[in-house]
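Student: Same order as they appear, the protein sequences are chains U and Z. Using the numbering used here, you'd call the opening residue of the first sequence number 1 and step up by one each time. Using the numbering used here, you'd call the opening residue of the second sequence number 1001 and step up by one each time.
Please note: incorrect hints may appear among the correct ones.
Said to hold, decoys possible - Cross-link-like lysine-lysine pairs, in silico, PhoX-like; alpha carbons within 25 Å at most: (1) U:676 with U:634; (2) Z:1099 with U:10; (3) U:10 with Z:1023; (4) U:10 with U:71; (5) Z:1023 with U:71; (6) U:71 with Z:1081; (7) U:361 with U:634; (8) U:59 with Z:1081; (9) U:10 with Z:1081; (10) U:740 with U:634.
The set of hints was computed from the structure by calculation and includes no laboratory data. This structure is a prediction, so every number in the text was calculated from the model and none was measured.
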Amino acid sequence: MSGQNWLGRKRAELRSWMRSVMQRRRVEREMDAELEFHVEALTADLIRAGQSPAEAARKARIALGPVLMHKEGMRTSLGLRWVDELGSDLRYAARMLRKNPGFTAIAAVSLALAMGANTAIFSLAKVLLYDRLQIPHADELKLVRWTGDDKVIAHSSWGDFDNLPDGTQTSSVFPYPIYREISKHPAGMESLAGFKEDSMNATVRGTARRVAVAEVTGNYYETLGVHPQLGRAILPSDDAVAGSGDVVLISDELWSREFGRSPEALGQIITLNQTKLTIVGVNPRGFTGAKNVLESPDLFVPISLEPLLTVQRVKGSDLSNPDFWWVNVVGRVKPGVRDSEAQQGLRVQFEAAVRSLATVKAGDTIPRLQLVDGSRGLHWADRTYKKPLSVLLGMTGLVLLLACANIANLLLARGAQRQREMSVRMALGAGRARVVRQLLTESLLLAALGGGGGLLLGYLSRNILPRLLTNSWEEFRVQVPFDWAVFACTAVIILATGILFGLAPAWFAARAEVSSSLKESAQTATRRRRGLSGKALVGFQIALSTMLVVGAGLFLRTLTALTSQDVGFNTEHLVLFDINPPSARYPAGKDVALHEELERRIAALPGVQHVTPAANAYLGDSMSNSDFLPDGEKYEKGNRTAEDLNVVGNDFFPTLGIKIIGGRGFGAQDTATSPKVAVINQALAKKRFAGLNPIGRMFRADRDEKADLIRIVGICADTYYYTLREGPPAQFFLPYVQQKEVHGMTYELRTAMSTASLAPVLRRTVQGIDRDLPVTNLRTQREQISATLQIERALAALTSGFGLLALALACVGIYGIMAYSVAQRTNEIGIRLALGAQPGQVRRMVLGESTWLTLVGIVAGVCGALAWTRLVKSMLYGVEPNDPATIAAGMAVLIVMALVATWIPARRAAGVQPMQALRHE
Amino acid sequence: MVAKPEDKGTDLLQGTLDLLILKAVSLGPLHGYGVLLRIQQISGEELVIQQGSLYPALYRLEHQGAITSEWGESENNRRAKYYRLTTAGRRRLDAETEKWNRMAGIIAGILRTTPESL
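Bound-form chain Z, shown alone:
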């Protein structure tokens, strides 16, 4: 799989990048490039992330203690930095997932509204 160039596919909603990263690394340790691929993969190639904004986001999450990193060997024997979810990160992911779902439900409910249901 190849990371897609930007400007195609669906734009990311403001503030959702952190949530996606947390979700991606919750499935297993990943390096930065791996995070990019994993998000593309699980979104069915629908979501494309600006590659440059990934790293500041990763650093911010690590800075806040939601993820932690470790240098290791990549699949083709290169040294790469692997990110892993911490306990605090897990809690945050759960909380934000719940928040997201609730919000999505509310919005969906609003959008489903027809004149008759009022």
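Same shape as in the complex, but just chain U:
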């Protein structure tokens, strides 16, 4: 038969099958009518041939034969038979599952939890660690970086900076003039675009707020290949002249939030750090800028505005200063040019540009330029999340394994219980394939139940994880899309387990000789052979649970160790917020005056006991340091003379509740014109003035010998500074009123009021001075500390959750296997009891059996735990990876759990009545 004919027939069959399935009732009616007509016509013919009507009808029916079988044959012809069988299998499977609600619930819930957790965590990991920028051909985008030794020329920089283990340094920021020079004719590259992301104060539609801003070069949009969904992009003509180009593009998200996606947004004015900018375009949805893949800056402006927008560091404008390294650079390699060639060409150009433009002092080295993958931006998420996510991925993998073991165990145990049912079915003539199909349907139905739950759970929890990783006061904007690919992967693993272990009993059942199986199911002896695979599975579950419980214990101990420390100041009832006055409006001196005025007005608010501005809030991952040179000491190259510094208000020590140990704190007598003073902490006193009384001594906070001398007037108690992971550092404090400039400061308020009730009052107060000045990051000190412990807390919470889930699953596993074992051994136990065993002995026998199983599992688990906890050493605090207490506690938890799970089967065994047991068949 030709292929075309075959295809035509298949198409006709499909059409006919669809019609039959859809119009099933009509098909059945027609079948009946057709056979009925056949009988009638035959009867009529027989009557005509001379038979009596009754005889004719009888003969006609005999001639047609068994109608039911013919109808079955007709259904088979239409391809309806397997549909019917599937339907009845499903009905039967559903009935079986309904009859064992406990089994069904445990199996489905454990599957759902494992799948949900896996989907959520793998989706998050995919977004954080693998997703690319949403731009055309993201994989071709290259990021320009450099690496250099410790004498590298980049002395003054703003941006990422990493010390590598081999002593070299790497960074991805460049001086703007050098970038500009190379980007004119970049060797081997189509173009090089520069950008810098920063946060600034913006007034959008009358509300002042802190926004994320990307300053970009004129060729940024063209280089990335991004076209605005509305209006125009930033063009090379926009950033031609420093200080010009007052245009702005807004993100899709800001467009929705502030303008309701109205095209009217174009042409509106946004005030950014006091500069008025016109909206000329809206970025496409999903575009997040070149820096990261998670969140988009709200505003994109020409980089030529930099001198107007930001505090200009060191000397001159950032745009013309060849010694200030701050711009990120990305680009695409020309088609046909190899990456290594482009890198080599750029390297040469870069070195030439540095030599001709930058100030190269003796001993300075020029770093080596590198082209690296830029498809995921600066990879900042990798650094923060790679380790915790790897741990979570590992743990969810274990949970998934555990759920698979659990379902396997449940299905195997049930298969053994149903051996007899299968034998009866086969004795009654069911084909082996038919029995296997029936069992498979049941496994798949169960897996589908769990899968449905997992889908729901994964979908609902996809945003919980990223929420755990962001702080509580900032708007939550990271969206983790539900990842179908990840879900499908998990589903396939679980389905495969379900099929594999659902089929195993089916396979045994189908292979078994019907008669022997029927005979064997008379409970004659202990059947250890059958129980073995189940026990191995339970042992495996216990081992996995041990690993998870020990891991959870370590992360919990880390979190408690971190949070239970005495940080040296009172963290209760302390409210923080940030004020960042734009430097264009508040140049040096004016900013100090602004803070003085704000401090005065906030101190007068009802309910505020103390207030102080500070350059750095404590335990917020930020710090400052400065040279600390007691009078007489000279700065020498190579000597570390820097100490941690905080610039604070006069009311700082009372506000935070830090004790003054000797001398005095700051007070009203310390003003801009009074002699310069400082307070140092005990650690600094011990470190730099060992055996001396530091009070009254003078020092310079600058290596320049012409700088003012500062008198130490007091010593305060030690406090933690920027992280809970390091104890109190040596610190000194300077009053901000005696500084030339301070820029933004964090206000700290000692008050019993909540942030919610303070927010409107503070906003009114601040905007009473300047209506474009936003109150940002309003939070309590407690929230601030929590925010720095986000990863630790998320890890502790998730690993504990997994630990509990693992315990529950192992508990179910032990209960199941022991209950099964006791049921199988009822006969044997009856004989033991009849021969004089005490119920207590029987109970001990059962408990002993499960304890052995548990101990074996625990030992295996502890070995596993010791192997993998070493990998997380750097993430722990105050506890060693092989902490004996944690491991012992984990073991104790598992033993108790095993005893609890075995208690009911053990009691049932002890309560067996010998006579009943022996009669029991």
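For this one, chain U is given, so just place chain Z on it according to the hints.
Tutor: Here is chain Z on its own, set in the frame of chain U:
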């Protein structure tokens, strides 16, 4: 004419029922009982079809698109399902007829063989 009871007459060769049905309906639309009668008639009452196996075969052929059916009035004014050959069915009938004839020829040739002709 009356449809004959089974177990008499020549047994049908495996796989030839489909061909006979196609041939029967190729001569004009027929209902199931009519197909039975037509086959008996044209075989000179030599072939007897198992009445029960007729319907699954009819359904199979219709399922495969070789014949199509339609409800109509029977000769004694009863509603009956009439089968008709489709274009695909016609092609199939021709192809299978040709195949059958070739096969029959070959077999006949083999059976005619005598020791002398070898």
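Student: Taking the hints in turn, state whether each one holds.
Tutor: Comparing the hints with the structure gives:
1. Proposed proximity of residue 676 of chain U and residue 634 of chain U is supported: the alpha carbons are some 20 Å apart, at most 25 Å.
2. Between the alpha carbons of residue 1099 of chain Z and residue 10 of chain U the distance comes to roughly 22 Å, so the proposed pair stays at or under 25 Å and holds.
3. About 22 Å separates the Cα atoms of residue 10 of chain U and residue 1023 of chain Z, which keeps this hinted pair within 25 Å; it holds.
4. Proposed proximity of residue 10 of chain U and residue 71 of chain U is supported: the alpha carbons are some 23 Å apart, at most 25 Å.
5. A C-alpha spacing of about 24 Å is found between residue 1023 of chain Z and residue 71 of chain U, which places the hinted pair at or below 25 Å, so the restraint holds.
6. With a CA separation close to 16 Å, the supplied pair residue 71 of chain U and residue 1081 of chain Z stays within the 25 Å bound.
7. Between the alpha carbons of residue 361 of chain U and residue 634 of chain U the distance comes to roughly 21 Å, so the proposed pair stays at or under 25 Å and holds.
8. Taking the CA atoms of residue 59 of chain U and residue 1081 of chain Z, the gap is about 23 Å. The hint holds against a cut of 25 Å.
9. A distance of roughly 24 Å separates the Cα atoms of residue 10 of chain U and residue 1081 of chain Z; the hinted pair therefore holds under the 25 Å criterion.
10. Between residue 740 of chain U and residue 634 of chain U the alpha-carbon distance is near 24 Å, which keeps this suggested pair within the 25 Å criterion.
The structure is consistent with each of the numbered hints, conforming to all of them.
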